[in-house]
Structures are given as structure tokens and as C-alpha cells.
Amino acid sequence: VLGDGDCTPPGGLGVMEGKAMLMKYLGGVDSVPLCIDSRDTNGKNNPDKIIEFVKMVQHSFGAINLEDISQPNCFKVLDELRETCDIPVWHDDAQGTACVTLAGLINALKLVNKKLSEVRIVLLGAGASNTTIARLLMTDGADPAKIIMFDSQGSLHTGRKDIETDTRNYRKWELCQKTNPQGIKDMDTAIKGADVLIALSTPGPDTVKREWVRSMAEKAIVFACANPVPEIWPYAAKEEGAYIVATGRGDFPNQVNNSVCFPGILKGALLVRSRKITDGMAIRCAHSIADFAERRGISPENIIATMEETEVFAVEAADVAMQAIAEDVARVPMTWDEVYQQAKADIAASRSLVADMQRLGHIKEPPQEMLEAALQSAIEAVK
1 VLGDGDCTPP GGLGVMEGKA MLMKYLGGVD SVPLCIDSRD TNGKNNPDKI IEFVKMVQHS
61 FGAINLEDIS QPNCFKVLDE LRETCDIPVW HDDAQGTACV TLAGLINALK LVNKKLSEVR
121 IVLLGAGASN TTIARLLMTD GADPAKIIMF DSQGSLHTGR KDIETDTRNY RKWELCQKTN
181 PQGIKDMDTA IKGADVLIAL STPGPDTVKR EWVRSMAEKA IVFACANPVP EIWPYAAKEE
241 GAYIVATGRG DFPNQVNNSV CFPGILKGAL LVRSRKITDG MAIRCAHSIA DFAERRGISP
301 ENIIATMEET EVFAVEAADV AMQAIAEDVA RVPMTWDEVY QQAKADIAAS RSLVADMQRL
361 GHIKEPPQEM LEAALQSAIE AVK
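If you read the sequence shown in the UniProt record's numbering, its first letter stands for residue 1, the second for the next number, and so on.
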């Protein structure tokens, strides 16, 4: 669990309940939080236990949203379940983050008048999120030869025997083979002249060095998405020449937040009873979010739709549903307008229900001072 590590199923249940609430409020999707203990007799997390559990319960649900599965287990769990289950299986930490990051980057590139196929991209961090971001970027047109990714041991390249010999890290090894053909090993060289930096790495304002941003190309784009403290403060990145800066926090401009994505994409998949959520559907969702924001107006401080823009979720649902139909993974044929109207009605009903429960006192707002204290405590823990 983000910020809490392996806090056991009871410790993570509150987070899952919060996610279920967002599903209902933002997407009109009813969900059930299930926290399972996947450890074996030696106390180690066993991905096969998660896979077996999901396969057994899939017949009781319309979709499965995986949450807070550590790497490298998360790669095996998602890939096997996507291929063997007859319902959509979505890993929000990986696919959701990738989807919303791509959405933000699409509009950021429009503002700097650059093309995805031409820009040089550096990714700092090689966990589930950034590896999936890299895959979606390449599928959507980014040039693998212009992408360099770093993990805690250095850059990914074909000389990384530590990754090649660890079969659990097959997704990282794929990126070693596809990206960084020059075999660049150090960050100083990789970042010089780069157009885009996407960091999902260690929280803390010194993870991304000021001099790295300073050496990037003109009108550089920086995504510093660690929580609760970004890898570099937005003001610092701006001072060093970054034209657009995005983070994972809502108190800075350009928040890259999965919550803009997962309610809409799951709603669309459920309404047409899709068998899976493909990479094509995730990319369609990213473009839907980007297009929605562009229609209402974008700027360097406002590149992406927000959770407060209610209509974005119904639009996403309709666009994703059409992609599912186009890829022949949908069971129920519907028109764009049918999906949009159904999603819009379901979301409105959910919000009305929540408002009634708040009015009657069944849902109480947490004290603002408690929220502020929790955020400050998390920030202090990183310092």
C-alpha cells in the first residue's frame, strides 16, 4: 500500500474501501473490496495464490481491479489473468497511472508543438507504473530508440544481466531489448537534450537534480509523480527551465491522478460486457481524457481533466466501449450515445445517493485539520 508498504490485508482494507467509494461516486460502478493474504508458508508473497483466487471468484464479478501488488509479482499476475480470465482484469497502479500519464503528455506535447514520435524521453523508475507507461508510449507512437529508462541500479540496456537472469522481471528485460540501443548508462548523459522526463521513483525533492532539468531541451516537460513528495518541487523544475511540470498531488497544477481514469474505463468495459481491457482501450481512454481537456481549453498549468469534471467519466466510458467493440472483445453491442447516456445517468444517480447520505449524516466529512495533519506527517516522513 502506498506509504504503508506490506501492511497486511486488514491494514489495507481502508484503502480498498476508499477505492470502492471512488468507483461508485465517479463512475457509477458498484464494487466490493477484497483484501487477500497471498503469503506462502514461508511468509513470502506468492503471485500464484492471487491468480488462483481471482480465477475462482471471477464468475461473481463483472471485472477485477487489482491494487497494491508489489513488483515483480504484479507483472505475472496481470499478464496471466488478462489472458485466462473471461472478464476484464485491470491493474490500476500500472495501467491507470500509464493511461493518465499518457493523457497528460499528449496535451503537454501539443502545447510545446512537439510530436510523440520525435521526442526523447527519459523515465526514472522502472516499477509497474513506468514500465507500463513505456509500453503504452511505444504502442501509441513513441520511438523506442529515443527512450531510456532507469531503475535503482542504472539504465536499462541489453547488458543488464541482473535483469536478464531474473525471469520474474521479464517486462523489464523486454524494455532492455527495445529501448536505449546506444546503451547509455548514466543519467547525466541520458537527460541532456531530452524533451520529456517521467519520474515515478523515490519520493523526495532531490531525487531529480536541478542540473538534470537545466540540461534538458527547450520547453522541457517534467512529470514528477512520487507521493507525497515529488522527485523535484514544481517551482524548482520551472526555475531550471521546465515549461510544463506535472505531479501526483492535487495542491499543485497538473495533477496526474489515476482517479481521472479508472472509473470511466471500467464503466465502459462493464456496459458492453468486455472480455478484457486491452492496451488499445487504455490508449483510447488516454486520448479521450486529453481530448476532453483540450475541448474546454488547456494551458501549461492545466493539461489534463480533473475529478471535478463529472462529464469526463461518461465520455471516457463511451470512447472505451467503442474501442472494445472495434477490437471484438465486447459482448453487448451499443452505440456511443447509448453508452454515454447510460454512464451519465448512473453517475448522476450515484452522486445523488452520496449527497443524500451526507445530508442525513450517514457519511461524515473528515475534519480538514486531520487531512492537513496526515499530509504533513507523510511529507515529514520523507524528509
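Among the hints, a few may not be true.
Capping the alpha-carbon separation at 30 Å, the derived lysine-lysine pairs in DSS-like fashion look like this [what the hints assert, rightly or not]:
1) K185 with K114
2) K115 with K161
3) K238 with K276
4) K55 with K276
5) K219 with K178
6) K364 with K76
7) K238 with K76
8) K146 with K178
9) K219 with K115
10) K24 with K49
11) K178 with K114
12) K209 with K276
13) K114 with K76
14) K364 with K110
15) K110 with K219
16) K110 with K161
17) K146 with K44
18) K161 with K146
19) K114 with K24
20) K115 with K49
21) K209 with K219
22) K110 with K76
23) K209 with K146
24) K114 with K161
25) K178 with K110
26) K44 with K24
27) K76 with K24
28) K146 with K49
29) K185 with K146
30) K185 with K161
31) K146 with K192
32) K344 with K364
33) K19 with K364
34) K192 with K209
35) K76 with K44
36) K110 with K49
37) K192 with K24
Source of the hints: derived by calculation from the structure; they are not laboratory data. Given the structure is predicted, the values throughout are model-derived calculations rather than measurements.
Among all the numbered hints in the text so far, which are the ones the structure does not match?
-> Checked against the structure, the hints that fail are numbers 2, 3, 6, 7, 12, 13, 14, 16, 17, 19, 20, 22, 24, 26, 28, 36 and 37, while the rest are satisfied.
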